[in-house]
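Student: Take these sequences, add in the hints, and give me the full structure.
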Amino acid sequence: MSGIAIQVEGLSKQYRIGSKQESYKTLRDTLSDAFASPFRRVGKLIRGQATGAAELDETIWALKDVSLEVKRGEVVGIIGRNGAGKTTLLKILSRVTEPTEGYAEIHGRVGSLLEVGTGFHPELTGRENIYLNGAILGMKKAEIERKFDEIVAFAEIEKFMDTPVKHYSSGMYVRLAFAVAAHLEPEILLVDEVLAVGDAAFQKKCLGKMGDVAKEGRTVLFVSHNMFSLQNLCTRGILLESGQIAMQGGITDVINRYLDSGREQSGEVSWDSPDVAPGNERVRLKAVRVVSEDGATGEVDISKEFRIEIDYWNLEPDSRRLVSVHLHNSMGICVLTSGNLPSASLTPDPWYSRRYPRGLFRTSCTIPGCLLNDGLHGITVYINEKTAYDNIVLARDVLSFTVQDTGVMRKEYTGKWLGAVRPRLDWHTTQLSS
Amino acid sequence: MRVSPLSGDNVACTSDSMPLIVTIIKPSRGWISLDLREVWTYRELLYFLTWRDVKVRYKQTVLGAAWAIIQPVFTMVVFSLFFGHLARIPSDGIPYPIFSYAALVPWTFFANGLGQSSNSLVGSANLIKKVYFPRLVVPVSSVISGTVDFVLAFIVLLGMMLFYGIVPTLNVIWLPLLLLLALVTALGVGLWLSAMNVQFRDVRYVVPFLTQFWLFATPIAYPSSLLSEPWRTLHGLNPMTGVVEGFRWALLGTETAPGPIIIVSSLMALALLVSGAFYFRRMERTFADVV
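Sequence order for the protein chains is C and X.
If you count the first sequence from 1, position 386 lands on 386 in our numbering, and the numbers rise without skipping.
If you count the second sequence from 1, position 33 lands on 33 in our numbering, and the numbers rise without skipping.
Bear in mind the hints are in silico, worked out from the structure with no lab data behind them.
Yeah, the Cβ is synthetic: ideal placement off N, Cα and C, and Gly gets one too.
A portion of the hints provided could be inaccurate.
What the hints assert, rightly or not - Derived DSSO-like pairs: lysine-lysine, alpha-carbon spacing no greater than 30 Å straight-line:
1. C:Lys141 to C:Lys204
2. X:Lys55 to C:Lys147
3. C:Lys204 to X:Lys129
4. C:Lys209 to C:Lys147
5. C:Lys411 to C:Lys166
6. C:Lys140 to X:Lys55
7. X:Lys26 to C:Lys71
8. C:Lys147 to X:Lys26
9. X:Lys129 to C:Lys71
10. C:Lys71 to C:Lys209
11. X:Lys129 to X:Lys59
12. C:Lys159 to X:Lys55
As the list claims (entries may be wrong) - Pair ranges (Cβ atoms, derived):
13. X:Arg88 to C:Lys140: 55 to 61 Å
14. X:Val290 to C:Gly419: 46 to 52 Å
15. C:Ser273 to X:Tyr58: 43 to 49 Å
Tutor: Next up, the structure:
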């Protein structure tokens, strides 16, 4: 058995989701339910069943029959779209939640970083939080003491060690949190998207630290949407698609397959039922579409404008909404971010200042032609309570599309255009002297 | 070689260079073992969580730790006025204020411990969803952190004994065990309620009601000597009766030794703790998904 760090066989995880009809019940149903359900629930409680209103619920398989093997010292990237089961897999392997079926065997001490700063207490000082957070992540007190200076130096917050962290800037907070986590020394490290925090310089530092961890011969399972860091850190990749393994292999092959799978798409992703769509009881996504003059498409002409349409159910009456999108290219570089803020729109979106009733809405954004460079792009959709940073809907890479170079900008130069954007600019030469 | 078990399966495996911990992950079914050994390996986390609760408890309050004293002292004043002075409820021949305060000190410890532990899992939802550790650590640490408040209120009790010129009996050596009995009771009920609270937030409304009811079901405002045997011993089925009568007996030297009551109370508290711990473990597997 030596040489194997993680062995997983037929791992499945079923989640219960609320009943579809729930939001459309009549008052009479609601009232009769209110009287009847406490008794049903108490009955269940006495029998020790853990499932709430189980028989009314629908279930989904977040992970279905996943088998894989990771050798000691391997750095494996886990790739997949939103809801493909990446986080669920890490949660099971770190024992946060139990699988519904299947079996996994882990050889070595596991450290998991599903989120940085878990267990930080705002009232405690930086120093105190290092000890608390370290203990939560499974470090011994002696171990924390030994690494204390190193952690403080890495986080660059020497001066604020005795300030309660609630007075920290968000950057300082994240730096401290990552610094503690980065100094965990387990044999197996499970990391979920934590590098997506902090400023660029600190992200670079984190990537460097992760690289060191990998070089020390420890096993790392790494979930990320950032193809750039995956490409740099990992040797092997696993592609998850709707809870199942679609492909395993060299990281470059797996990334290409992941990007390719977007190319086949019809330019539309949609959910029929609000229960499975991204979001919560306040807003649910219904569909995201890329629409050119020929309708929904996965390929747009580099010189022509197209629309990104976002359809969503607003389930909370009298609310305010802000819809925004991020576009990433295949290198993981964020090409642009925009939202329906009046100052970021050519003509202000009237719904920005209105209160939303319940109902189905469509917000669309027009991307002009001759702006994006050619290649694959991923759309990330955010829907927030206006001005709040609560991300009611956060659908990462929910849909991808390819910008096709049709040759309109390739008459004189036919090589690869570098850069994230390729706008047509005003070029002018004047002769200044002879 | 250390072995970290899950679902009751422990496998030890030695690799070529160094011993590695092997963890087996699979779905668990039915009642599962308490796995106290694992809780023990996480004792440092228990210490840090308790320490956090103590440190944070009176942050951003004006009166700070004085709250630990205000609560039982003011209840004592109200009780002395209404039950002692107006209703003239007997107090085993001891001045009524100290008679009720000696009971209110362990009672406040119990009531706060019960309240804190019932809400502990829901309050730590973020932690539970993101990091693995034995979940038992959470309610246990929240009950233990209440001992600091207990010590403060107890100092006031000593001051009152000095004032009334009451010398504690030799039985005072039993006091730590009586405190342990209160702790076990609070934890036993707290385990039941905290695990239920994850799924049914009704618990949040049950706890204040339960504590209020329990306060009057415990001989705090009145002596249990009002009851005749066998009812007096049966009153011990409420474990707090044993604690309260024990405190008075050990500190104030009330006439009758509450031996039978304390035995009944201890058995009851132990039953609560063991059943609570098993129920907690049974529900534990769904905590991260439901909370």
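Student: For every hint, state whether the structure bears it out.
Tutor: Okay, the hints, checked on the actual structure:
| no. | hint | verdict |
| --- | --- | --- |
| 1 | C:Lys141 to C:Lys204 | 29 Å, holds |
| 2 | X:Lys55 to C:Lys147 | 23 Å, holds |
| 3 | C:Lys204 to X:Lys129 | 28 Å, holds |
| 4 | C:Lys209 to C:Lys147 | 15 Å, holds |
| 5 | C:Lys411 to C:Lys166 | 57 Å, violated |
| 6 | C:Lys140 to X:Lys55 | 20 Å, holds |
| 7 | X:Lys26 to C:Lys71 | 20 Å, holds |
| 8 | C:Lys147 to X:Lys26 | 34 Å, violated |
| 9 | X:Lys129 to C:Lys71 | 27 Å, holds |
| 10 | C:Lys71 to C:Lys209 | 21 Å, holds |
| 11 | X:Lys129 to X:Lys59 | 26 Å, holds |
| 12 | C:Lys159 to X:Lys55 | 22 Å, holds |
| 13 | X:Arg88 to C:Lys140: 55 to 61 Å | 59 Å, holds |
| 14 | X:Val290 to C:Gly419: 46 to 52 Å | 48 Å, holds |
| 15 | C:Ser273 to X:Tyr58: 43 to 49 Å | 48 Å, holds |
The earlier numbered hints that this structure contradicts are 5, 8.
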